[in-house]
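Trainee: What follows is each chain in one-letter form.
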Amino acid sequence: MDDRIKRVYVPMSETAFYILFCLRREMHGYSITQTVKEMTGGEVIITAGTMYGTLSKMEKDGLISFVREEEKRKLYRITALGQEVLDLEIRRIRRLYRNIGGEKNE
Amino acid sequence: MSEKNIKKTYKWFWDFDYDKQEKYYTKMHAKGWALKKQEREGTAFEQRFEKCEPANVVYKVGYNAVKTGRGSFIKMFEDYGWEYCGEMNDFYCFRKSADGASAEELDIFSDDESRLNMSKKAVTVWLPMLTMCTFCILIPQTVSILGDTERGRADLTALILHWAVYVWGYIGVFVSSRRHKKQIKKSWDQK
Numbered sequence: 012m013d014d015r016i017k018r019v020y021v022p023m024s025e026t027a028f029y030i031l032f033c034l035r036r037e038m039h040g041y042s043i044t045q046t047v048k049e050m051t052g053g054e055v056i057i058t059a060g061t062m063y064g065t066l067s068k069m070e071k072d073g074l075i076s077f078v079r080e081e082e083k084r085k086l087y088r089i090t091a092l093g094q095e096v097l098d099l100e101i102r103r104i105r106r107l108y109r110n111i112g113g114e115k116n117e
Numbered sequence: 161m162s163e164k165n166i167k168k169t170y171k172w173f174w175d176f177d178y179d180k181q182e183k184y185y186t187k188m189h190a191k192g193w194a195l196k197k198q199e200r201e202g203t204a205f206e207q208r209f210e211k212c213e214p215a216n217v218v219y220k221v222g223y224n225a226v227k228t229g230r231g232s233f234i235k236m237f238e239d240y241g242w243e244y245c246g247e248m249n250d251f252y253c254f255r256k257s258a259d260g261a262s263a264e265e266l267d268i269f270s271d272d273e274s275r276l277n278m279s280k281k282a283v284t285v286w287l288p289m290l291t292m293c294t295f296c297i298l299i300p301q302t303v304s305i306l307g308d309t310e311r312g313r314a315d316l317t318a319l320i321l322h323w324a325v326y327v328w329g330y331i332g333v334f335v336s337s338r339r340h341k342k343q344i345k346k347s348w349d350q351k
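Protein sequences appear in the order of chains A and B.
With the first letter of the first sequence counted as 1, position 67 gets the number 78 in our numbering; the numbers rise by one all the way through.
With the first letter of the second sequence counted as 1, position 140 gets the number 300 in our numbering; the numbers rise by one all the way through.
Because the hints were derived from the structure by calculation, they are not lab data.
Take these hints with a grain of salt, some might be off.
[Unchecked claim] Computed list of lysine-lysine pairs in DSS-like fashion (alpha-carbon distance at most 27 Å, straight line):
hint : chain 1 : residue 1 : chain 2 : residue 2
1    : A       : 71        : B       : 235
2    : A       : 48        : B       : 235
3    : A       : 48        : B       : 256
[Stated by the list, open to error] Covered stretches of chain B, as calculated for chain A (at least 3 residues, CB under 8 Å):
hint : segment
4    : 226–233
5    : 271–284
Quick reminder that beta carbons are idealized off the backbone N, C-alpha and C, glycines included.
Whole structure, please, built from the sequences with the hints as guidance.
Mentor: This is how it looks when you write it as structure tokens:
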């Protein structure tokens, strides 16, 4: 992973994190928004322009790849590089959670 | 449709004035004039409207430079309930009824990073073009008119007007990009 990717994506925004997290399986933009809305109880809403822009940027940076098109909807999936970035983020967030006493409350 | 049901207005919108366009179309729709759909038509200074019932409809402008992605770009917005209503120079116009919709549903951007990106794109699309025209058209024209001993008053007037448009463009770029940043900051302060 080159430094530029690390600088841009670690740490990443909540929007970017959820998009990458959802794309562990093949999905299109709107279905990601719906899944994230459900996962967060309506607290994280990703709109059309932000979704399109983030997907394009991640595709350009090689974090996700275009799989196929279905009724003009583009379906994407995470790449090996994307998974590597996601794992880094998950480790960082777990550490945060641990350090604020998260595990004690479980 | 009879001419009575069509209204044309003549306003100049630079691409980076997309926020002003959004407000203008939204205001017109509330007065009973819906922006007429015109694919790959229309100019920056002529807007066509169709008579409609006055309604609370929000207009938004999105940007997509990837020509092959045009269909999927529009489809993405349609999935989120936006109706496509025209495009110009890679800027696409969409609208949605505001009745019963939440603030998030009426925005096309949900974070500041993407709002700033939109502003940057609108400015970076224009600056190189403006600069190129300045060096390839405006400056040679200025040199030729000023060097012409038989130049008339009309030539000078044309030259001054030409300069005025460019200066307006350059100032517009900077004023708009500052305005966009202010709006982003304001929306952040309100949260």
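Trainee: Each hint: holds or not?
Mentor: Status of the hints after comparison with the structure:
1. The straight-line distance between the Cα atoms of residue 71(A) and residue 235(B) is roughly 20 Å, inside the 27 Å bound, and the hint therefore holds.
2. Under the criterion of a C-alpha separation no larger than 27 Å, the hint pairing residue 48(A) with residue 235(B) is consistent with the structure, at around 20 Å.
3. Taken as a hint, the residue 48(A) and residue 256(B) pair is honoured in the structure, with Cα atoms around 20 Å apart against an allowance of 27 Å.
4. By the rule of at least three residues with a Cβ nearer than 8 Å to a Cβ of chain A, the coverage given for the segment 226–233 of chain B holds, with 5 such residues.
5. Coverage of the segment 271–284 of chain B by chain A holds in this model, with 5 residues showing a Cβ closer than 8 Å to a Cβ of that chain against a need of three.
Hint check: no violations occur; every hint is consistent with the structure.
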